[in-house]
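Build the full structure now, drawing on both the sequences and the hints.
What follows is the residue order along each chain.
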Amino acid sequence: MSTDDFGMVSPVIRLDLAEGTPATPVALAPPASRSIRAMRDLSEGTTRWWLWGLVAWVDIKQRYRGSVLGPFWLTLSTAVMIGALGLLYSRLFNMDMASYLPYLSLGILGWGLISVLLIESCTAFVSAEHVIKQIRMPLSVHLYRVMARNLIIFGHNMVVFVVVALWYQISVGWADLVVVPGLLLLMLAAIPAGLLLAATCARFRDIPPVVASLLQVVFFMTPIMWRPETLGTKIALALYNPFNCFLDLIRAPLLNQPVPTTSWMMTLGVTLLLWLVAFPFFARFRARIAYWV
Amino acid sequence: MTAIRLRDVSVDFPVYQGGSRSLKKTLMRAGAGGRILSDASKRLVVHALDRITLDIEEGDRVALIGPNGAGKTTLLRVLAGTYEPTVGLIDVDGHVAPLFDSALGLNPDATGYENITLRGVYMGMAPSEMAGRLEEIAAFTELGDYLRMPLRSYSSGMLMRLAFGVATCVHPEILLMDEWLLAGDAHFLEKARHRLASFVTGSKILVLASHSDAIVREWCNKALFLERGQVRMFGPVDEVLDAYAETVHA
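Chains U and X supply the protein sequences, listed in that same order.
Just add 7 to the spot in the first sequence (first one is 1) and you have this note's numbering.
Just add 257 to the spot in the second sequence (first one is 1) and you have this note's numbering.
Misleading hints may appear alongside valid ones.
Said to hold, decoys possible - Partial pick of chain X residues on the chain U-facing surface, computed with a CB cut under 7 Å: (1) R262; (2) R264; (3) R278; (4) S279; (5) K281; (6) A337; (7) G338; (8) T339; (9) L346; (10) D348; (11) P355; (12) N364; (13) D366; (14) V378; (15) A383; (16) P384.
Honestly, the hints are just simulated from the structure, not real lab data.
All C-beta atoms in this analysis are idealised placements derived from N, C-alpha and C, irrespective of residue type, glycine included.
Rendered as structure tokens:
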């Protein structure tokens, strides 16, 4: 028996050295199907909430390190935007500030969440390239991180609405809690949409600017700064606009209005459709994403 | 029983460049039929790994050697589980800790302590678990008060100490390393060596990609000679290194 370079006795290693590979090769079981592995990716990703939660939190801290207001910088800029738009458009559309400003602020806050989720999903995998190539972890973790980060920021921005609601004395009741299932549904739709965007953007690098400019168009087409009723007979254009329907989930309950049935149906339908498209897509290409980024 | 088994593992690597990175050009190509197909075929496919069959058993300290582009890094990534093989079966039995890049998961604006937690979490530990090991890792890195400073004030050697400290504190059964790791100062190398030594005698596996004869002979008992993505030779370190040296000088 001899000692190795580290001055330690290592008989096991010598034994292995002598034998090399085992005489009878060990047969390996074939891996689980693509769909099962994709499902595992999504579910194991959710159970690692401490990972994406912490990283999302560090993301935010990093962005605002050294600034006095921290994440509330964003809140402040949102407040300025809502205030300015409110003043301008209540004049343009001849609307009463007391009802217009709460409507506008929720619209802008909700739209901010939806659009930033879509835009940042595009870079969810690409920006995590180093991690994806080095450490095995569910890919969904990177998407959940983007979602968590932006939900936290959304929470900060909601302060603006709270101020507006206090100012105009909007009553608060248990019915407001309908916003919770609404937000959950929005997140449930954001996962497949984000998977689609993150994966295709890893492969094709020219998609993110396309998404950003499309969203710009959608912003003006969606009732955020204007009300659906102003469309008159063409109101269906707004009522069946999926973005408007998702906005309704957040906006209506907090404005003490019932969420229109069309909005519930539409958002449920869109969410289902997104999953039907995104899941097979993700299952098919999940293993290739590490090669793409 | 910790082990790594590969059966006929191949990895084809699409190299996207220029036009094939663009959705617009890809769509236009589809519309234009065969006319610009010469442009389309610019999509290179590299056979990074070609039918690799391999058994690494508990206690093996394997060096990956071979010329540049032989597939060492790709193989490490396959072992780490980040690249799923295009063809073939792989079974990695044991907790894997890859140690490829000292900057992984580190945030230059966060302090050393924060980064220890961050990196540990990336390596698969819960933040509460990391809290318990923080002091142990801090002591190992010998960075002292530097740990309270933002990471951007660290030298590359200090970064490496931090990374190595976290990576080996998770007590992985399989450690995958690129050569960068062994470029520390003599004092730290000695410490790292002791840590690795206790780690290897715990009957675990080490896979190390290296170009340095000295490092390979010192750290490994087996070597895998890769050439153009294929296993040219796998066996005791001295034999394989001699064979490799012959091909280099031939």
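Is the shortest C-beta separation between P355(X) and chain U less than 7 Å? The hint holds - P355(X) has a Cβ within 7 Å of chain U, the shortest such distance being about 5 Å.
Exercise. For the hint on P384(X), just tell me whether its beta-carbon gets within less than 7 Å of chain U.
Key: Holds: closest Cβ of chain U sits about 6 Å from P384(X), inside 7 Å.
_Hint status (Cβ of V378(X) to nearest Cβ of chain U, threshold 7 Å)_ = OK, holds: V378(X) within 7 Å of chain U, min 5 Å.
Check your understanding: Would the hint on R278(X) stand, with a C-beta cut-off of 7 Å toward chain U?
Key -> holds, 5 Å
Given hint D366(X) near chain U, where the shortest CB pair must fall under 7 Å = Since chain U brings a Cβ to about 5 Å from D366(X), closer than 7 Å, the hint holds.
- prompt: Is the hint on G338(X) kept, meaning its closest Cβ partner in chain U is under 7 Å away?
  reply: holds, 3 Å
For the restraint on D348(X), tell me whether the closest CB of chain U is nearer than 7 Å.
Interface hint status for D348(X): holds (5 Å vs cutoff 7 Å).
Under 7 Å, Cβ to Cβ, is where N364(X) needs to be relative to chain U, so tell me if that hint holds or is violated. Status holds, d = 6 Å.
The hint names T339(X) as touching chain U; please verify it with the least Cβ-Cβ distance against 7 Å. holds, 5 Å
Tell me if the interface restraint on S279(X) is satisfied: Cβ within less than 7 Å of some Cβ in chain U.
Given a least distance of 5 Å, the restraint on S279(X) holds.
Quick one, is the A383(X) hint okay against chain U at 7 Å, beta carbons?
-> holds, 5 Å
- Query: Can the hint on R262(X) be confirmed by a CB-to-CB distance to chain U that is less than 7 Å?
  - Reply: holds, 6 Å
Every hint, counting from the list given before, is met by this structure.
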